[in-house]
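Chains as they are written, first to last, in the numbering used here: chain X, 14 to 126; chain B, 602 to 714.
It should be emphasised that the hints constitute simulated quantities derived from the structure, not laboratory data.
From the three backbone atoms N, C-alpha and C, an ideal C-beta is built for every residue, glycine too.
Just to be clear, a hint being listed does not mean it is correct.
To be verified - In silico BS3-like cross-links for lysine-lysine, where the CA-CA straight-line distance does not exceed 30 Å:
id: 1; chain 1: X; residue 1: LYS92; chain 2: X; residue 2: LYS58
id: 2; chain 1: X; residue 1: LYS55; chain 2: X; residue 2: LYS15
id: 3; chain 1: X; residue 1: LYS55; chain 2: B; residue 2: LYS653
id: 4; chain 1: B; residue 1: LYS631; chain 2: X; residue 2: LYS58
id: 5; chain 1: B; residue 1: LYS631; chain 2: X; residue 2: LYS55
As the list claims (entries may be wrong) - A short list of chain X residues far from chain B (calculated; beta carbon distances all over 12 Å):
id: 6; residue: PRO57
id: 7; residue: SER62
id: 8; residue: GLY71
id: 9; residue: ASP95
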Amino acid sequence: RKEVEQDPGPFNVPEGATVAFNCTYSNSASQSFFWYRQDCRKEPKLLMSVYSSGNEDGRFTAQLNRASQYISLLIRDSKLSDSATYLCVVTFRFTSGTYKYIFGTGTRLKVLA
Amino acid sequence: DAGVTQSPTHLIKTRGQHVTLRCSPISGHKSVSWYQQVLGQGPQFIFQYYEKEERGRGNFPDRFSARQFPNYSSELNVNALLLGDSALYLCASSLAGTGGEQYFGPGTRLTVT
Numbered sequence: 014r015k016e017v018e019q020d021p022g023p024f025n026v027p028e029g030a031t032v033a034f035n036c037t038y039s040n041s042a043s044q045s046f047f048w049y050r051q052d053c054r055k056e057p058k059l060l061m062s063v064y065s066s067g068n069e070d071g072r073f074t075a076q077l078n079r080a081s082q083y084i085s086l087l088i089r090d091s092k093l094s095d096s097a098t099y100l101c102v103v104t105f106r107f108t109s110g111t112y113k114y115i116f117g118t119g120t121r122l123k124v125l126a
Numbered sequence: 602d603a604g605v606t607q608s609p610t611h612l613i614k615t616r617g618q619h620v621t622l623r624c625s626p627i628s629g630h631k632s633v634s635w636y637q638q639v640l641g642q643g644p645q646f647i648f649q650y651y652e653k654e655e656r657g658r659g660n661f662p663d664r665f666s667a668r669q670f671p672n673y674s675s676e677l678n679v680n681a682l683l684l685g686d687s688a689l690y691l692c693a694s695s696l697a698g699t700g701g702e703q704y705f706g707p708g709t710r711l712t713v714t
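In isolation and in its complexed conformation, chain B is listed as follows (with noise of 0.2 Å):
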């Protein structure tokens, strides 16, 4: 069976552009959840969602936004791109939105220039 799936695998933007990142999960697993990933830290949580609801929240602003599809499949949007929005991007998915045990994606590493 695939594992999690995420494109693209690199990315370069300009300060002030959208990009659109996109995750498949586990087949028969029903949530993802969103991490950024910066040099020398750990995974911060973005979002999660689970049959299409946002289940979980962390602490970014509202340019960031994402939404599941009925494939289960999601994408995490940004807007506005800052040079501090540089990071790897980190798709997890877990059989439900409870906590539980989660697999990652390789990442999406973007670069905002």
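Bound-form chain X, shown alone (with noise of 0.2 Å):
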């Protein structure tokens, strides 16, 4: 089983409606949790971090499962402009105090006109 998974798509949606993307993680002692953009060719850029109370910031909304071992990403109203790849990312810290960064593959989302 892979660390961090993702479905990656195609997720092709109209505008304006709503989408949601699921990741789950292998590790239960996964510290910290983010979700990135990325569009093609181009790095990924920080979308949000995700607390476990579960946050939001504008049409987006990030939640954190500890139990189920996953987080989501909620997009309302889509855009034309959120048309990317989004890609979440789980972080681990041994017992030396050193971290590793996980990512997933990616979900690629298509807004459509």
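Relying on the hints, combine the two individually framed chains into one complex.
Structure representation (structure tokens):
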């Protein structure tokens, strides 16, 4: 089983739709969680951190479910400009104090006019 | 303020050669991480450095090495290049090496022929 798994998509949705992505992780001791957005041939850009209580930033809502070991991203009122690949990231802290960042393979979203 | 900078932007090398990639973090950030991203995959964690010490290492062969300088900039070195090393190499900057938010540079696209 992969450490971090995402549905690669693509998710094709009409403008204005609500779309949700999930990301599952295998290590229950994972520490921090993030969503990044990556446009074609560009670097990933931090979209939002994911907090235990859930958090919202405009049209974007992120949630963490530690019991079921997944994080989710909800996008409301989709815009054409939301078309991108969405990457989830999980960090894991070793007993030595070092960290490892694990990216999912990404979920492609295409918002259609 | 300048974001994360990387050089060069593109590079073409021949199998067996050596390459050095450079990264300057965001001002005030003391941690730099390196990632390899091949087409269709999420970034794969190579190294994290904080205060000039290695704080994390991914599953990459010893041909890959890195270091961080007193000004927090970093170099990634790859020896004995293989065709499979062709990828986008991303540098990410964070305040500290504690699993927090990371901000990516534009990357160096390496092609090995």
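How the hints compare with the structure:
1. In summary, the hint linking LYS92/X to LYS58/X is supported, as the alpha carbons are separated by about 17 Å, within the 30 Å threshold.
2. A hinted pair counts as satisfied when its Cα atoms are at most 30 Å apart, and LYS55/X with LYS15/X qualifies at roughly 25 Å.
3. Simply put, LYS55/X and LYS653/B have alpha-carbon atoms about 28 Å apart, close enough for the 30 Å limit, and the pair holds.
4. Proximity of LYS631/B to LYS58/X is assessed by CA-CA distance (about 19 Å); at most 30 Å being required, the pair is judged to hold.
5. For a cut-off of 30 Å, the pair hint linking LYS631/B to LYS55/X stands: about 24 Å separates their Cα positions.
6. A beta-carbon of chain B comes within 12 Å of the beta-carbon of PRO57/X; the shortest separation is about 5 Å.
7. Non-interface status of SER62/X relative to chain B is broken: a Cβ of that chain comes within 12 Å, the nearest being about 6 Å off.
8. Every C-beta of chain B lies more than 12 Å from that of GLY71/X, the closest at about 18 Å, which supports listing it as non-interface.
9. Against chain B, the non-interface label of ASP95/X holds: every CB pair exceeds 12 Å, the least being about 19 Å.
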